[in-house]
Amino acid sequence: FYEAIKHKRYTCFLREDTVLPMMYMPDCIRATIMLMEADLSRLKHHADFNLAAMSFCPAELVAEIKEHIPEFVCEYKPDFRQEIADSWPRTIDDSAAREEWGWEPQYDLAAMTADMLEKLGRKYAEGRL
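Each residue of the sequence shown is one higher than the one before, counting from 78 in the working numbering.
No false leads were mixed into what you were given.
Straight-line distance between alpha carbons at most 25 Å, and here's what the computed BS3-like set of lysine-lysine pairs gives: (1) K85 - K154; (2) K83 - K143; (3) K83 - K154; (4) K200 - K143; (5) K85 - K143.
So the derived label-pair ranges between C-beta atoms look like this: (6) E203 - D116: 36 to 46 Å; (7) A140 - E160: 17 to 27 Å; (8) K83 - D163: 24 to 34 Å; (9) K143 - S172: 28 to 38 Å; (10) K83 - A140: 15 to 25 Å; (11) D163 - E195: 31 to 41 Å; (12) M111 - P155: 28 to 38 Å; (13) D185 - T88: 22 to 32 Å; (14) R86 - A124: 36 to 46 Å; (15) D192 - A124: 25 to 35 Å; (16) E152 - P103: 28 to 38 Å; (17) G198 - E114: 27 to 37 Å.
No lab work stands behind these hints, which were simulated from the structure alone.
Built from N, CA and C at the ideal position, the CB exists for glycine as well.
Using the sequences and the hints, build the whole thing.
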């Protein structure tokens, strides 16, 4: 996001089709608070929960950024991190959190991208980025 705002370009260290699970920090913080406030009598797993929000690949993120910054360009040059990413799951099963304490993410890829670009764009305009 920083490079998209500052330079309108980015070199990605993964293949464009590498799907990984992601979560935007506001959802992570909200989930932590939700779990701390959850009804303990409904929790079977107590504090052992997976959380998920979205899974996407770099190409999908680039397309979403281009909705806001049409001139954005991304080049793909996979490096050693590609092998690491290939070893990770594409999705995370968070069904226990959804069932036991009502976890539901508020941000999808479009909402996260819009929020990040708006907030970082403001900082950039103020010279704080």
